[in-house]
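Here's the letter readout for the chains.
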Amino acid sequence: MLEVDNLWISYDRIAALRGVSFTVQKGEIVTLIGANGAGKTTILRALSGLVPAARGRVTFEGEDLLSLPAHVRVRRGMALVPEGRGIFGNLTVLENLRLAAYTRRRQDLERDLAAVFGIFPRLEERRHQWGNTLSGGEQQMLAVGRALMTKARLLLLDEPSMGLAPVLVQEIFRVLRRLNEAGTTILLVEQNARLALEVAHRAYVLETGQITLSGPCDELRHHPKVREAYLGGA
Amino acid sequence: MFPIIAQNILNALQLGSVYALIALGYTMVYGILTMINFAHGDIFMVGCYLSLAAALFLLGLPLHLPAGLIFLGALLFSMLLTAILGVAIERLAYRPLRQAPRVSAVITALGVGLFLENFTLAILGPEPRHFPPLIAMTPWQVGGLSLTLLQLLILIVTALILVLLDLLVRRTLMGMAMRAISDNRPIVPLMGVSVDRVISFTFALGSAIAAAGGLLYGLAYPVLDPYMGIRIGWWAFISAVVGGIGNIRGAMLGGFILGAVEILTPMVLPSSTYRDFVAFSLLLLLLVFKPTGLLGRPLFERV
Ligand SMILES: Nc1ncnc2c1ncn2[C@@H]1O[C@H](COP(=O)(O)OP(=O)(O)OP(=O)(O)O)[C@@H](O)[C@H]1O
Ligand SMILES: [Mg+2]
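Those protein sequence lines, which keep their order, are chains A and B. Sequential numbering of the first sequence, starting at 1, is according to our numbering. Sequential numbering of the second sequence, starting at 1, is according to our numbering.
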């Protein structure tokens with residue numbers, strides 16, 4: 001579904017990604033794990049068109065992505081839940097969701113809203129509240145809800161667990177698994193490697209802009225390097 | 001005493017309407033691009049001339065159209081063409097500089113303004129043009145107050161535009177996109193929204209509203225010259241800052257305040273030549289004591 005081939009990205013001449021290649025198959029949950037500054041966010045930003053690629057090739061369902069502007073990539077069926085959530089504070093919950101359905105047909109709006117509210121009942125209770133008055137957990141739900149409103153077939157998530165209480169983290173991950181079972185392909189970036197390896201099918205390990213390890217999560221979980229660096233030794 | 005005050009309030013509302021309409025363009029562009037479009041006063045001037053051209057054309061037809069129809073025709077014609085002008089200016093002059101330092105955009109905007117002034121001058125010459133009296137200026141006496149049909153028309157058209165704009169920003173998808181851009185532009189493309197399209201729309205809207213202001217102004221103060229946009233542009237800009245630039249309701253409020261300043265200054269001070277002094281003093285005082293303007297800076301305020 002998604003093929004990334006030899007992707008290079010630099011910020012002001014400093015290379016953040018140095019020849020990254022990986023794939024995501026339809027129906028999979030794939031996770032990227034790596035330390036702070038490894039380049040995980042950079043990968044997702046490049047895939048969704050927020051930073052330009054210096055070199056490399058990305059295809060999504062066979063189509064070249066890098067030549068498309070960011071808002072067109074959303075139409076192609078790819079949505080990013082960005083690091084820090086990116087909720088519009090001067091829009092209400094409902095308006096945030098409606099805006100995310102910008103590219104969709106108006107007739108589907110009510111049905112799609114109902115689907116999101118079905119997953120996150122809390123958002124429905126707060127639908128007229130301003131985005132910047134939501135709690136961190138509610139903002140994360142809204143960020144995921146917005147991505148769902150785009151009806152993306154591939155969901156890119158950047159640290160959905162960040163800053164959330166364990167109960168909420170469990171809830172978000174339950175939702176991700178459910179979405180995946182319903183057919184959504186997921187590329188997940190996580191600090192919490194233990195959790196990520198639990199929910200995903202395959203994983204890539206990123207170190208200073210390069211992929212150093214990859215494989216099914218069941219295998220990587222037992223890899224000595226992964227255990228030492230990302231699972232706290234144990 | 002009372003009728004004099006009431007009369008002046010009425011006059012202030014009339015002038016303030018025009019300032020408010022132009023101030024909206026400054027504030028919307030600032031809200032979205034954090035850039036001050038210093039060419040906006042001259043866009044208003046072009047809108048004024050386009051209204052004049054349309055009105056003269058329609059009057060010249062051997063159809064004897066009713067004044068209301070001519071007014072409407074001139075309004076739509078100038079709003080449409082001025083919107084296209086605004087979009088073209090953004091495309092050609094501002095968009096290539098969007099990543100450049102802020103000062104480049106300011107200098108470019110000043111240059112665009114000069115271009116519009118001199119282009120108009122070159123085509124029409126320096127002699128002032130006169131707006132034909134379309135709408136009756138004979139006053140009705142209402143309780144000691146003299147009210148003209150034109151004043152009523154200006155207030156009604158302005159109120160209509162303000163209400164429609166408010167609805168647009170609050171209720172429509174495009175309005176949501178505008179607010180989203182003013183809050184967090186980098187995230188907006190992730191919603192599938194083209195930021196460029198929203199910016200073009202904003203310029204079209206601001207310019208069209210300025211053109212409506214141009215027609216109303218031309219009817220009320222019927223002497224047009226190519227430099228008229230400078231002073232009026234400054235007053236509208238001050239209106240936007242006084243109300244809180246980036247804040248739509250602030251621009252409306254600021255416009256009416258500046259209208260009042262202009263009308264009331266000659267009542268208090270010996271001559272109307274003090275009016276710019278008063279307006280700029282107001283601006284300076286405000287920038288010192290309340291730099292975000294009366295209604296504050298939350299861009300495209302939420303309530
Ligand atoms: N806008 C930027 N300008 C300059 N350098 C940047 C920019 N954004 C990221 N970088 C650098 O690129 C590298 C990769 O950053 P990135 O945000 O992708 O890391 P990450 O893996 O997501 O880290 P974290 O887990 O802390 O979120 C870092 O060294 C970072 O300092
Ligand atoms: Mg990151």
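In case anyone wonders, no lab produced these hints; they're calculated from the structure. Think of the CB as a built atom: it goes at the ideal place given N, C-alpha and C, for glycine as much as any other residue. Do not rely on the hints blindly, as some may be mistaken.
Claimed, not checked - Computed from the model, here is a short list of chain B residues facing chain A with C-beta under 10 Å: (1) Thr34; (2) Gly60; (3) Pro62; (4) His64; (5) Leu65; (6) Pro66; (7) Ala67; (8) Asp166; (9) Arg179; (10) Ser182; (11) Met191; (12) Val193.
Claimed, not checked - Where chain B lies over chain A, by a calculated footprint (3+ residues, C-beta under 8 Å): (13) 43-52; (14) 158-167; (15) 174-182.
Numbers of the earlier hints that this structure fails to satisfy, in rising order: Hint check: 1, 2, 3, 4, 5, 6, 7, 8, 14, 15 fail, others pass.
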